[in-house]
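Visitor: Chains as they are written, first to last, in the working numbering: chain H, 6 to 325; chain E, 169 to 341; chain U, 37 to 722.
Think of the hints as simulated: they come from the structure by calculation, not from any bench. Be aware that one or more of the hints could be misleading.
[Unchecked claim] Mimicking PhoX-like on lysine-lysine, the simulated pairs with C-alpha atoms at most 25 Å apart in a straight line are:
no. : chain 1 : residue 1 : chain 2 : residue 2
1   : U       : Lys664    : H       : Lys219
2   : U       : Lys187    : U       : Lys636
3   : H       : Lys190    : H       : Lys259
4   : H       : Lys88     : H       : Lys199
5   : U       : Lys396    : H       : Lys219
6   : U       : Lys218    : U       : Lys396
7   : U       : Lys513    : U       : Lys449
8   : U       : Lys636    : H       : Lys215
9   : U       : Lys618    : U       : Lys187
10  : H       : Lys190    : H       : Lys215
11  : H       : Lys259    : U       : Lys396
12  : U       : Lys355    : U       : Lys293
13  : U       : Lys636    : U       : Lys218
14  : H       : Lys215    : H       : Lys259
15  : U       : Lys618    : U       : Lys582
16  : E       : Lys299    : U       : Lys618
17  : E       : Lys215    : E       : Lys299
18  : U       : Lys636    : U       : Lys618
19  : H       : Lys88     : H       : Lys215
What you are looking at is a predicted structure, and each value in this text was computed from that prediction instead of being measured.
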Amino acid sequence: MNAKLRVGVYWAAGCGGCDISLLEIGPRLLQLIEAADIHFWPLVADFKYRDVAGYPDEFFDLCFLNGAIRSSEQEEIARLLRKKSRTLIAYGACAAEGGIPALANLTTIEGIFAAAYHDSPSLDNPERLEPRPVTRSDLGELTLPRLYPQVLTLRDVVDVDYVLPGCPPQADRVWQAIESFVGGKLPARAEAVKLGCTDKAVCDECSLEKRLVKIDQFRRTHEALPEPGWCLLEQGFICMGPATRGGCGALCTKARLACRGCYGPSGQVTDQGMAMVGALGSLLAAETEERARELVDQIVDPVGTFYRFSLASSDLKGMR
Amino acid sequence: MPEPKAEKIEPVAAGASLEKWEPRIIAFLCYWCSYAGADAAGTLRLKYPHNVLIVRVMCSGRVDPELISGAFAQGADGVLVCGCQIGCCHYISGNHKTMARMPLLGRLLVEMGLEPGRFRHEWVSASEGEKFARITNEITEEVRRLGPLNWPGRLHARGVGHGEDLEPWGTPQ
Amino acid sequence: MSPLNTGGPVNGPPGGDGIRTGVFVCCCGGNISDIVDVEYVAREVGRRPGVACALVHTFICSDPGQALIEQKIAELKLNRVVLAACSPTLHQLTFRRAVSRAGLNPFLFEHVNVREQVSWVTEDLHGATQKATRLVAAAVARTRNLVPLEKRRIPIRPSALVIGGGVAGLVAARDLARRGTKVTLVESRPFLGGRMAQLHTLFPTGEEAREVLRRLMQAVVRDPLVTTFTNATILESRGVVGSFRTRIRIAPRGVNKQLNFAGSAIAACPEETVSEFDYGLGRRKAIYFAYPGCWPPMPAIDWNACTRCGRCVSAGGGKGIELDGKPYEIEVPSGVIVLATGFDPYEPLHGEYGYRIFPKVVTLQQLVRLLDPEGPTAGRLPGSGNGPLRVGFIHCVGARQWEGVHQQQADGKVNDYCARTCCTAALHAALRIRELYPDARIASFYQDIRTYGRGHEAYYERASEAGVLFIRYDAKKPPRVRLDPRGEAPLVVQAGDLLTGGRPLEVPCDLVVLATGVVPHNVSELVDMYRCAVGSDRFLLEVHPKLRPVELAVAGVFLAGTCQGPMNVTETAAAASAAASKAAAMITQGHVEMDPIIAKVDDDLCTGCRTCLAVCPYDAISRDPARKRTIVNEALCAGCGTCAAACPSDAIQQFGFTDAQVRSELAVLLEGAGAGAAVGSEAGNA
Numbered sequence: 006m007n008a009k010l011r012v013g014v015y016w017a018a019g020c021g022g023c024d025i026s027l028l029e030i031g032p033r034l035l036q037l038i039e040a041a042d043i044h045f046w047p048l049v050a051d052f053k054y055r056d057v058a059g060y061p062d063e064f065f066d067l068c069f070l071n072g073a074i075r076s077s078e079q080e081e082i083a084r085l086l087r088k089k090s091r092t093l094i095a096y097g098a099c100a101a102e103g104g105i106p107a108l109a110n111l112t113t114i115e116g117i118f119a120a121a122y123h124d125s126p127s128l129d130n131p132e133r134l135e136p137r138p139v140t141r142s143d144l145g146e147l148t149l150p151r152l153y154p155q156v157l158t159l160r161d162v163v164d165v166d167y168v169l170p171g172c173p174p175q176a177d178r179v180w181q182a183i184e185s186f187v188g189g190k191l192p193a194r195a196e197a198v199k200l201g202c203t204d205k206a207v208c209d210e211c212s213l214e215k216r217l218v219k220i221d222q223f224r225r226t227h228e229a230l231p232e233p234g235w236c237l238l239e240q241g242f243i244c245m246g247p248a249t250r251g252g253c254g255a256l257c258t259k260a261r262l263a264c265r266g267c268y269g270p271s272g273q274v275t276d277q278g279m280a281m282v283g284a285l286g287s288l289l290a291a292e293t294e295e296r297a298r299e300l301v302d303q304i305v306d307p308v309g310t311f312y313r314f315s316l317a318s319s320d321l322k323g324m325r
Numbered sequence: 169m170p171e172p173k174a175e176k177i178e179p180v181a182a183g184a185s186l187e188k189w190e191p192r193i194i195a196f197l198c199y200w201c202s203y204a205g206a207d208a209a210g211t212l213r214l215k216y217p218h219n220v221l222i223v224r225v226m227c228s229g230r231v232d233p234e235l236i237s238g239a240f241a242q243g244a245d246g247v248l249v250c251g252c253q254i255g256c257c258h259y260i261s262g263n264h265k266t267m268a269r270m271p272l273l274g275r276l277l278v279e280m281g282l283e284p285g286r287f288r289h290e291w292v293s294a295s296e297g298e299k300f301a302r303i304t305n306e307i308t309e310e311v312r313r314l315g316p317l318n319w320p321g322r323l324h325a326r327g328v329g330h331g332e333d334l335e336p337w338g339t340p341q
Numbered sequence: 037m038s039p040l041n042t043g044g045p046v047n048g049p050p051g052g053d054g055i056r057t058g059v060f061v062c063c064c065g066g067n068i069s070d071i072v073d074v075e076y077v078a079r080e081v082g083r084r085p086g087v088a089c090a091l092v093h094t095f096i097c098s099d100p101g102q103a104l105i106e107q108k109i110a111e112l113k114l115n116r117v118v119l120a121a122c123s124p125t126l127h128q129l130t131f132r133r134a135v136s137r138a139g140l141n142p143f144l145f146e147h148v149n150v151r152e153q154v155s156w157v158t159e160d161l162h163g164a165t166q167k168a169t170r171l172v173a174a175a176v177a178r179t180r181n182l183v184p185l186e187k188r189r190i191p192i193r194p195s196a197l198v199i200g201g202g203v204a205g206l207v208a209a210r211d212l213a214r215r216g217t218k219v220t221l222v223e224s225r226p227f228l229g230g231r232m233a234q235l236h237t238l239f240p241t242g243e244e245a246r247e248v249l250r251r252l253m254q255a256v257v258r259d260p261l262v263t264t265f266t267n268a269t270i271l272e273s274r275g276v277v278g279s280f281r282t283r284i285r286i287a288p289r290g291v292n293k294q295l296n297f298a299g300s301a302i303a304a305c306p307e308e309t310v311s312e313f314d315y316g317l318g319r320r321k322a323i324y325f326a327y328p329g330c331w332p333p334m335p336a337i338d339w340n341a342c343t344r345c346g347r348c349v350s351a352g353g354g355k356g357i358e359l360d361g362k363p364y365e366i367e368v369p370s371g372v373i374v375l376a377t378g379f380d381p382y383e384p385l386h387g388e389y390g391y392r393i394f395p396k397v398v399t400l401q402q403l404v405r406l407l408d409p410e411g412p413t414a415g416r417l418p419g420s421g422n423g424p425l426r427v428g429f430i431h432c433v434g435a436r437q438w439e440g441v442h443q444q445q446a447d448g449k450v451n452d453y454c455a456r457t458c459c460t461a462a463l464h465a466a467l468r469i470r471e472l473y474p475d476a477r478i479a480s481f482y483q484d485i486r487t488y489g490r491g492h493e494a495y496y497e498r499a500s501e502a503g504v505l506f507i508r509y510d511a512k513k514p515p516r517v518r519l520d521p522r523g524e525a526p527l528v529v530q531a532g533d534l535l536t537g538g539r540p541l542e543v544p545c546d547l548v549v550l551a552t553g554v555v556p557h558n559v560s561e562l563v564d565m566y567r568c569a570v571g572s573d574r575f576l577l578e579v580h581p582k583l584r585p586v587e588l589a590v591a592g593v594f595l596a597g598t599c600q601g602p603m604n605v606t607e608t609a610a611a612a613s614a615a616a617s618k619a620a621a622m623i624t625q626g627h628v629e630m631d632p633i634i635a636k637v638d639d640d641l642c643t644g645c646r647t648c649l650a651v652c653p654y655d656a657i658s659r660d661p662a663r664k665r666t667i668v669n670e671a672l673c674a675g676c677g678t679c680a681a682a683c684p685s686d687a688i689q690q691f692g693f694t695d696a697q698v699r700s701e702l703a704v705l706l707e708g709a710g711a712g713a714a715v716g717s718e719a720g721n722a
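Produce the entire structure from the sequences given, and follow the hints as far as they go.
Guide: Okay, structure coming up:
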């Protein structure tokens with residue numbers, strides 16, 4: 006370990022929230038700055054890719070990479086940072102499980118372009134311009150990164166040492182991970198050990214009461230006000246808590262909002278959506294198959310509900 | 169004879185010849201009713217395609233949706249789940265849970281890109297050998313018509329598990 | 037390996053982790069080997085990791101075959117065995133025993149079906165061999181993840197609780213006591229005897245029902261091993277086979293053995309009420325005997341009718357009557373339970389065939405009471421004395437009903453089953469009427485005459501010879517009962533005579549008798565308590581009608597009599613004896629062995645979401661909130677695995693069917709799956 010830690014942060018296909026979440030550690034940021042130097046963070050400082058390429062291998066002691074991989078640029082930089090980092094952490098739901106960007110696996114690049122560049126009512130694009138991989142101009146040949154047809158997780162392209170799940174990871178947990186790293190107390194580096202979370206599901210931390218009743222109607226967040234103190238899933242709001250890794254402190258359910266599953270699957274489960282289907286199917290108040298179908302038809306967007314954050318790490322991953 | 173597990177699954181080349189492909193279908197059967205129903209088909213010497221491979225469980229309630237998505241993800245072209253007739257479950261109501269899970273599971277599979285004909289659930293009692301033979305015939309023909317699913321191959325072709333193997337930026341050529 | 041066995045290598049280096057598997061492929065004398073290339077299967081599977089030997093045998097279930105397995109286990113120190121043969125439903129037990137004899141845990145053995153599910157159903161020889169090879173290789177992979185398991189032994193307490201004091205309960209109690217079992221017999225009403233006491237004579241012997249019942253009751257109540265409670269209601273029954281605990285409330289009878297002058301006490305009572313024993317046709321006092329020769333041989337007080345005026349107390353001799361008795365509770369521990377809760381006759385709906393509208397329309401049960409010399413009319417029928425008595429029987433009332441033709445019952449269903457006993461009972465009653473009224477004119481409107489039992493056909497023949505008119509009607513066009521428009525008789529029965537092409541007939545009747553079906557006595561609380569399976573006809577459902585006809589899926593609970601389906605006294609006695617026999621066998625053995633393929637919770641992964649509690653059909657899972665542990669009750673768990681599938685954290689695993697075991701099987705079954713995976717690229721029949 007060097008006198009001051011060398012830290013890098015990069016955002017791939019993400020929203021920027023994970024970068025901001027690093028600031029959420031609040032006053033502890035000052036402690037971090039005492040102990041570490043930032044050598045790469047596109048949001049915050051003006052390091053170039055060629056700077057990073059020029060660093061020796063394993064230059065970064067700790068690199069936080071957030072966002073999913075869905076373009077050639079993102080993959081290139083992910084591989085570059087892997088080479089240049091001793092410890093690479095997949096930070097946040099997108100890097101860990103694919104996150105919300107992974108829902109693009111349910112459409113095609115053509116579909117995305119149509120929505121982004123042609124069909125939206127607020128667009129004015131009569132010439133039907135679209136991004137092109139190569140453009141010749143007076144400045145020469147300009148290229149754009151290639152979009153991949155499939156959104157990938159970080160682990161799909163490089164070996165990852167640790168994973169910090171969450172959308173974004175919860176601030177106290179992030180600080181615990183940093184402290185452990187600084188103090189040399191991180192768990193042994195095995196394949197993608199999960200930090201800043203527990204092995205159990207959110208229900209373990211949630212204080213809402215179960216009445217052991219079956220669900221006879223599904224409701225969306227805007228359709229009703231939940232009764233306080235009572236399990237949201239039993240009330241018909243699809244709370245992903247039972248199938249979601251804990252460690253966030255059940256912040257959402259404490260605010261009477263159904264968990265959306267951002268920490269990904271718990272324990273050794275690999276497919277968060279299917280784990281939830283197994284549980285949910287067992288909790289429907291349905292004596293006949295027709296009734297089960299009726300109830301299930303009330304769910305407006307099953308893939309978006311059960312795989313909101315984890316489509317890219319699921320078994321089937323969605324493919325069009 | 170299937171080869172030992174390949175280290176790397178070759179992606180499907182465009183226009184690859186499919187004439188040697190045979191549907192590979194996994195059937196989860198509950199021991200007390202549908203497995204016995206499959207035995208009854210055998211006792212009657214009914215014939216059905218060899219493509220359906222039977223996995224025995226004690227109750228259809230044991231069939232975790234994770235096992236089904238896992239089967240498709242590993243290359244199954246079709247999955248069949250059979251349980252006791254409703255009201256006749258050896259374990260009283262295990263098949264009720266199956267019955268309640270299947271509609272949701274089916275909907276998810278379709279939205280993720282699988283054709284509906286690849287996944288089927290049926291209630292087969294111990295005396296329904298003919299029904300079992302008919303169902304296996306039907307699902308095999310439907311899957312044959314739909315063609316190979318080859319989910320792992322197609323995902324691999326799209327970079328899952330290895331990206332596009334780009335060299336890191338700035339590597340000297 | 038951890039007890040949950042959630043890990044374990046699937047494809048380790050051969051023998052590298054100590055796994056040594058013996059594979060045996062049976063030819064079944066050609067049944068398998070004519071279609072499946074068994075040598076090929078053995079050869080290919082023999083190459084898989086951890087396989088120490090792969091042999092073919094003609095008849096592996098034979099003694100030499102089993103001996104071969106045992107010998108190889110010893111010789112090669114096998115710790116896993118895979119057998120490819122006929123269906124495990126036939127011989128799995130045989131081979132588990134063989135493997136045990138050789139010192140190997142029987143749950144490290146896997147039986148693959150390559151006969152009923154491969155060689156007998158596949159025409160393509162190539163495909164059959166392919167399929168068999170895949171299945172056996174998958175089993176090899178699966179067995180690598182198996183762990184040794186021990187059967188659960190549950191001790192059986194040597195006592196029985198019999199619920200119901202009719203003929204079924206009495207026969208069961210008598211038979212159990214004769215075998216030396218302590219029996220507690222509980223009856224909800226104040227008197228034993230049930231519905232058999234409401235009969236006069238029995239078919240086909242013609243014996244008097246209450247005389248037979250009296251002998252039966254004597255045998256039971258005199259047996260020192262039997263304790264009997266009447267006025268008993270089951271409050272709660274907990275526990276599992278071998279150690280049930282049932283809490284019962286005994287309501288006050290109001291009368292005890294010290295009563296000297298029962299007759300005077302009853303005569304002095306000023307309150308009267310409808311007699312349910314006579315199906316509403318007679319009346320009785322608030323303090324009453326149900327029937328002559330009943331047991332207990334002392335009256336009971338009907339608290340709904342009693343005003344506690346006290347006149348019975350003084351008329352009865354001043355003692356033996358307690359008007360302010362209190363109920364008390366007992367707890368009965370037992371090893372087994374026999375359900376003998378009986379039936380109720382079908383109560384026709386208001387207006388059904390004129391029931392409750394015309395007073396001359398009665399049910400067959402009511403007719404039997406009327407014909408009984410000890411009944412409400414001393415054996416005389418109303419309407420007789422004005423010329424020959426005209427009686428019309430309508431069969432299949434409340435039985436063999438059709439959706440859309442008959443009105444649904446309260447639960448929305450029709451009674452589509454045949455009630456079995458009523459044809460013979462109706463003809464038996466018809467002949468009795470003929471005996472009492474030799475010039476009576478009797479007509480029987482029927483769908484089919486089902487006098488199926490031994491000695492029953494004679495009733496049909498004698499009834500025919502005695503001039504009973506049999507008129508067959510179409511089930512979908514039932515007869516109608518109307519006031520006689522000509523006023524010659526109180527009623528007419530109108531029906532289409534099916535045997536003459538539906539020609540309309542109108543038969544005048546002084547009395548119309550509805551031969552009603554039966555429904556099970558309502559025991560919904562017991563059904564919930566014991567989690568009984570119930571058929572669509574609402575009767576309790578046995579495990580298997582032929583192989584296990586008196587057992588419920590709930591271990592240790594047995595069925596006796598009409599709670600299971602319509603049956604006459606003969607059949608009920610046989611069923612009750614069978615139940616007693618099964619129950620006694622369990623007690624004699626002293627323990628029951630249950631398969632160890634049950635579920636277990638991994639506390640480290642369990643979140644306490646309690647999804648599993650909601651799905652268990654046996655209520656075998658509970659949560660201890662203080663210690664934050666979810667526990668599967670090993671004695672209650674039946675091993676379905678539904679909880680394992682439901683758990684969203686994969687924290688519950690089922691021994692013998694863990695995720696790792698099933699996944700390892702799937703991995704081999706799906707090897708090479710996908711486009712371009714040729715069928716048997718190297719395979720072929722030699």
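Visitor: Determine for every hint whether it applies to the structure shown.
Guide: Hints and how they fare:
1. Pair hint Lys664/U plus Lys219/H holds up; C-alpha atoms about 22 Å apart against a cutoff of 25 Å.
2. Restraint check for Lys187/U and Lys636/U: satisfied, since their Cα atoms lie roughly 15 Å apart, inside the 25 Å limit.
3. A distance of roughly 31 Å separates the Cα atoms of Lys190/H and Lys259/H; the hinted pair therefore is violated under the 25 Å criterion.
4. Of the pairs offered as hints, the one joining Lys88/H and Lys199/H holds, with about 21 Å between alpha carbons and a cut-off of 25 Å not exceeded.
5. The hinted pair formed by Lys396/U and Lys219/H fails the criterion: a straight-line CA distance of about 50 Å is larger than 25 Å.
6. With a C-alpha separation of about 49 Å, the suggested pairing of Lys218/U with Lys396/U is violated against the 25 Å cut-off.
7. For the hint linking Lys513/U to Lys449/U, the alpha-carbon distance of about 19 Å falls within 25 Å, and the restraint holds.
8. For a cut-off of 25 Å, the pair hint linking Lys636/U to Lys215/H stands: about 22 Å separates their Cα positions.
9. For the proposed pair Lys618/U and Lys187/U, the alpha carbon gap of about 21 Å is at most 25 Å, so the pair holds.
10. This hinted pair does not check out: Lys190/H and Lys215/H have alpha carbons roughly 37 Å apart, beyond 25 Å.
11. The hinted pair formed by Lys259/H and Lys396/U fails the criterion: a straight-line CA distance of about 70 Å is larger than 25 Å.
12. The hinted pair formed by Lys355/U and Lys293/U meets the criterion: a straight-line CA distance of about 9 Å does not exceed 25 Å.
13. Proposed proximity of Lys636/U and Lys218/U is contradicted: the alpha carbons are some 36 Å apart, above 25 Å.
14. As the CA atoms of Lys215/H and Lys259/H are separated by approximately 14 Å, the hinted pair is consistent with the 25 Å bound.
15. Simply put, Lys618/U and Lys582/U have alpha-carbon atoms about 14 Å apart, close enough for the 25 Å limit, and the pair holds.
16. Using a Cα cut-off of 25 Å, the hinted pair Lys299/E and Lys618/U is violated, with the two alpha carbons roughly 35 Å apart.
17. For the suggested pair Lys215/E and Lys299/E, the alpha carbons sit about 12 Å apart, so the restraint of at most 25 Å is met.
18. Distance check on the hinted pair: Lys636/U and Lys618/U sit about 31 Å apart at the alpha-carbon level, beyond 25 Å; violated.
19. Restraint check: the Cα-Cα separation between Lys88/H and Lys215/H comes to about 49 Å, which exceeds 25 Å; the hinted pair is violated.
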